[in-house]
Structures are given as structure tokens and as C-alpha cells.
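Heads up: the sequence lines are chains A and B, in that order.
By the count of the numbering used here, the first sequence reaches residue 299 at its end, each step adding exactly one.
By the count of the numbering used here, the second sequence reaches residue 299 at its end, each step adding exactly one.
By construction, these hints were calculated from the structure, which means they are not laboratory data.
Remember, predicted model here, so these are calculated numbers, not experimental data.
Don't be surprised by glycine CBs; every beta carbon is placed ideally from N, CA and C.
All the given hints hold, so there is nothing to weed out.
Capping the alpha-carbon separation at 27 Å, the derived lysine-lysine pairs in BS3-like fashion look like this: (1) 76/B with 15/B; (2) 15/B with 180/A; (3) 107/B with 76/B; (4) 15/A with 180/B.
A short, non-exhaustive set of chain A residues, derived as facing chain B with CB atoms under 8 Å: (5) 86; (6) 175; (7) 181; (8) 182; (9) 217; (10) 219; (11) 251; (12) 252; (13) 286; (14) 292.
There are 2 protein chains.
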Amino acid sequence: MSITVVGSLAFDAVKTPFGERERMLGGAATHFALSASLFDQVNVVGPVGDDFGDAELAILATRGTDISDVERVAGKTFFWAGEYHWDMNTRDTLDTQLGVFETFEPKLSANSRAADVLFLANIQPSLQLSVLEQMDGPRFTALDSMNLWIDIARDDLVKVIERVDCVTLNDAEIRQLTEKPSLVAAAKELLAMGPEIVIAKQGEYGAVAITSDTYFSLPAFPLETVIDPTGAGDTFAGGFVGAIATGADIRSAVAYGTAVASFNVEEFGTDRVSRLTREEVDGRVAELHALTTFDLVIA
Amino acid sequence: MSITVVGSLAFDAVKTPFGERERMLGGAATHFALSASLFDQVNVVGPVGDDFGDAELAILATRGTDISDVERVAGKTFFWAGEYHWDMNTRDTLDTQLGVFETFEPKLSANSRAADVLFLANIQPSLQLSVLEQMDGPRFTALDSMNLWIDIARDDLVKVIERVDCVTLNDAEIRQLTEKPSLVAAAKELLAMGPEIVIAKQGEYGAVAITSDTYFSLPAFPLETVIDPTGAGDTFAGGFVGAIATGADIRSAVAYGTAVASFNVEEFGTDRVSRLTREEVDGRVAELHALTTFDLVIA
Numbered sequence: 001m002s003i004t005v006v007g008s009l010a011f012d013a014v015k016t017p018f019g020e021r022e023r024m025l026g027g028a029a030t031h032f033a034l035s036a037s038l039f040d041q042v043n044v045v046g047p048v049g050d051d052f053g054d055a056e057l058a059i060l061a062t063r064g065t066d067i068s069d070v071e072r073v074a075g076k077t078f079f080w081a082g083e084y085h086w087d088m089n090t091r092d093t094l095d096t097q098l099g100v101f102e103t104f105e106p107k108l109s110a111n112s113r114a115a116d117v118l119f120l121a122n123i124q125p126s127l128q129l130s131v132l133e134q135m136d137g138p139r140f141t142a143l144d145s146m147n148l149w150i151d152i153a154r155d156d157l158v159k160v161i162e163r164v165d166c167v168t169l170n171d172a173e174i175r176q177l178t179e180k181p182s183l184v185a186a187a188k189e190l191l192a193m194g195p196e197i198v199i200a201k202q203g204e205y206g207a208v209a210i211t212s213d214t215y216f217s218l219p220a221f222p223l224e225t226v227i228d229p230t231g232a233g234d235t236f237a238g239g240f241v242g243a244i245a246t247g248a249d250i251r252s253a254v255a256y257g258t259a260v261a262s263f264n265v266e267e268f269g270t271d272r273v274s275r276l277t278r279e280e281v282d283g284r285v286a287e288l289h290a291l292t293t294f295d296l297v298i299a
Numbered sequence: 001m002s003i004t005v006v007g008s009l010a011f012d013a014v015k016t017p018f019g020e021r022e023r024m025l026g027g028a029a030t031h032f033a034l035s036a037s038l039f040d041q042v043n044v045v046g047p048v049g050d051d052f053g054d055a056e057l058a059i060l061a062t063r064g065t066d067i068s069d070v071e072r073v074a075g076k077t078f079f080w081a082g083e084y085h086w087d088m089n090t091r092d093t094l095d096t097q098l099g100v101f102e103t104f105e106p107k108l109s110a111n112s113r114a115a116d117v118l119f120l121a122n123i124q125p126s127l128q129l130s131v132l133e134q135m136d137g138p139r140f141t142a143l144d145s146m147n148l149w150i151d152i153a154r155d156d157l158v159k160v161i162e163r164v165d166c167v168t169l170n171d172a173e174i175r176q177l178t179e180k181p182s183l184v185a186a187a188k189e190l191l192a193m194g195p196e197i198v199i200a201k202q203g204e205y206g207a208v209a210i211t212s213d214t215y216f217s218l219p220a221f222p223l224e225t226v227i228d229p230t231g232a233g234d235t236f237a238g239g240f241v242g243a244i245a246t247g248a249d250i251r252s253a254v255a256y257g258t259a260v261a262s263f264n265v266e267e268f269g270t271d272r273v274s275r276l277t278r279e280e281v282d283g284r285v286a287e288l289h290a291l292t293t294f295d296l297v298i299a
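For reference, chain A alone in the conformation it holds in the complex:
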């Protein structure tokens, strides 16, 4: 049993009201892998440049993640710079340098192709499609995307959505994609395209899982101090998909994703999740359960 993730490996420059990092390991596949590896064996597929060192590879390989499909390419690693506003819920992108991602064409090894779970992190939809076609026949597939691809590659994105089991998007992206203001109506439209599960990520407000016959909403874990929200969505996806891979039901999987994501934002970059333990995650899932439960007593 293993999970393959295809997506960006990056250097991030992040400025928040609580501090600043000029260059730290980031990228969607990185955050996903660190989170999913708390649950299952992970294979990472993605390109890095000459500037990606052994220290970064060592963090990627945390908890036995297989990095043999991390492809080293001449050039620079993907770079993103952003600054968060006072309330940490919104951010400005200051710089994006695609680097080796400009010419990336995913080539999966036999090991990565054989995984029974696939996560297509946020990359160009045509590349997501190419990865899907290389897989041997995974039991569960999920994707993430972003507003850019909805704007410039909508048709390709819809083709991938039609073929995966689960779509994870921000609620604003779900509304943008479907042009429906109601999340319930928008999710119905996405489900009608093919997926069995729609996950609406809502940042500090939590996440919602919608299927044709269930609706489950879970708030985020309340934190007094949020240091760096970068990668929270991918960390959530890693916990969610990781828990699904090990047999959790959808609701528990949302709780696992939420729990791991809450640790991610407590420190910069990969600092917290790279040393996180399953016991800590299980403890926070139990706390989440306690703070969302109410007795059904008629007043």
C-alpha cells in the first residue's frame, strides 16, 4: 500500500506579521508528503533544480518517503514569495519563478505507477492528466488545483476532474469553477462531473466534505498563534488522503487532515510537520472531536 503524489517541490520566501523566511523548503508535493507519510508509504514525483540540496532531500524523505522519482533538472527550483496580511487569512503573491517547472513532464517509475492511491497536487491540468494515464490503476485518486488553471486551462481541468474520485479545492475556487454562489449547489455540479467526493477547504473556518448522500462540515482547530499558513491546504490534503489510504471513513479523514494542517501553521514551512508524530495527531483529532460535539437535547 502506498501513495504517489505529483506536484511542486519549491523554495518559498514568506513574510508574516510574526516573522520572515527568505528561503525555505516548500511546495505542494512537499507539504502533502510530509503529512501523508504520517499514515502510509509515500512516493514523491516532481522536478528540482541544481540548487536543491541534500538537506532538502533529507526533509522530503522524512518517515521513509521514497524520493527516487524526484527528478534533478539543470536550472533553478520553483520559487514562490508571498506576504500574509494582518489577519493571516489573505496573502499577496510577490514573486513566482517556475524554474525547472517550465519544462517538467512527469515520468513515473514502476513503483510510483503501482501505488494504490494518487494525489495530483496543484500543477497544470494537462500534466495531471498525463500522470493519471501513467498509473497502473489506483484505487483512489484526488486532485487539487487553483484559480489560475480555472482561468486559463478550464477544459483540461474539467477532463481531469471527470476522471478522479475526489476534488479538493478552496471554496472560492469551487464557486469560480462552477459559477454558482452556493457551495451546496456548486458541489452538486462538481459531483455530477464524476468525482464521488468534493472537499471544500475553507482556511481558518475548516473544511467540508460533500458526497451524493452525505455532507460533513468540520471547523479548523482553534489556535492562539498562527505563524505561517503556507502549505496548510496541501498538509490538509496529505492527512485526508493518507487517512483514506489506511481505511478511514471520509469524516475521520477530514478530521485527520484538519489536525495535521493545524500543526503545519504553528511554525514556518516544514518545521513542525517534519518532526510531528502520529500520537500528537491522534491527540488533536480527539480534541477536535471534543470541541465540535454537542448533545442532541431538545431545549
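Fit chain B to the given chain A structure using the hints.
Okay, now just chain B, sitting in the frame of chain A:
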């Protein structure tokens, strides 16, 4: 046992992507009373103008609400006009005419003063203080406020907060008042001022109840169609305070407030809640319980 609410009785003009009403009954005390009267006897205190007719008084008196402290004053009833944006989460205020509210000084009858529960809807903090001082000694007091008073009457608002048991505000207002970006930290600061309960209203994302030893977060009830969000916060407060008045615990009371508010937004103005039944509310509380529950099973 009864609940006294002091606040605005109004005419609203509302435009949403789903329609438009040029003049309908509104106001914070109106929405609160219609909701709280599902749980307990309500007394409404507030001024109306010459233009407030018997039809409006009849709606206010739904489910036995006592309207003898509705004071008729020469002049025009408070008027608010607003337009909601596409996603219904944000709105522009197009017009506000204080009318008879400009000179309003609350005078409570013996019956209103004797209520064991008091809700100070969003009015000038100095008036809220005057009402508090007229009460005989209520068992539970709660207030609402808004960004305007935080801007121009902060000291008075803090004086009222120091004397009530419960503060209900939007999360943005809680952050503005405390100047703390973290809701957890901001709520702690509010609790330190005196109240035992802080309710953070989060619109379509739900509500959070915070005390010194508990934190409870409940998502909003998911709706495929939202017609008019006006008064949702006051309707929530009416359900919450109403349930507290009848002995519900804080968590159940949040669920009751959430349930009634979800009905409010399904039609314009007071249309839905004025004909709502307790059975319908209880049913939706049970649905809320079902869609927020997960089994604590370690993945």
C-alpha cells in the same frame, strides 16, 4: 420567565441576486424577537414612527411577544437599504436613515424590567447601558454591537461589555475591538473584561462559543439557496438567547441559534421565521448534529 430585547425596529430595502424588496419589516429587535419567541415569552422595547402600521405590529406580536413597550414617536421609522454581492457574504449599505432613533431614550415598563433575560441588540452603547441600569436584576444578559460603535464609542461599549454575561459579535468585530488577529486570543481578551461567554458569529461559516474553559465551534446549516441574509445574526442571537433562557447548555443553544438563522435566510425579511414552528427548528438541530458528528476512530 421572559426575555426583554431592546433594539431597532425598522423598514429595510434589500437587493440580492435573487430579488429585491423595497420596504419590508426589519430591524435587529424584530429579528431577535421572532426567533426568541420560539422558546420563551419576549418583550420588545424600541421606537417606531408614524409609518409603522398594524400589519407590522401584528408580525412583531407573533407567538405572543409583548409589544406594549414599542414606543410610537412622531417621525419616520428607522430605515436601512443594502445590496448583497454575488456570493451573499458581503453587502454594501446604500442608505441609513435613523428617523425616530435619533432621539430614542429607552424607557422600560415594569414588565420589561422584570424579565430574567436581557438582550441588548445593536444600538448606541450608552443606550445599552441605560437599559442595563433600568433592569431589576436579570439572570442572563447579552449584547450585540457593530464596527461603528467600536470606531466612535469604544469606551462606552467596553463599559457595557464589562457588565454583561455574553457578548455576540462578528469575528471581524471581535478582532477590531481587541486588535488581535487570532480569534482565540481576542476572545480571551474579551472574557478578561468580564463576560462569561463570547459568541463569534462567522456568517456562512457558522459560529463559535468561547468561555474560560470551553471552546465550541459549529458550522452553519448548509443551504442550496440563500435568498436574503439580512437579520441572520439577530435571528441567531434570538435562538441562542432563547434556548439559554429555557435552560439549554451553551452548545445546544448555539445549535438552536444556528438552526433558526438558517430558516431566516431562506426567504426575504421576516417571512420565514414569522411562520416557523419549534418542530421545524428541532428537526434542523437534529440535522446539524448529524452533519457535524464524526466517530473518534483512530485511522
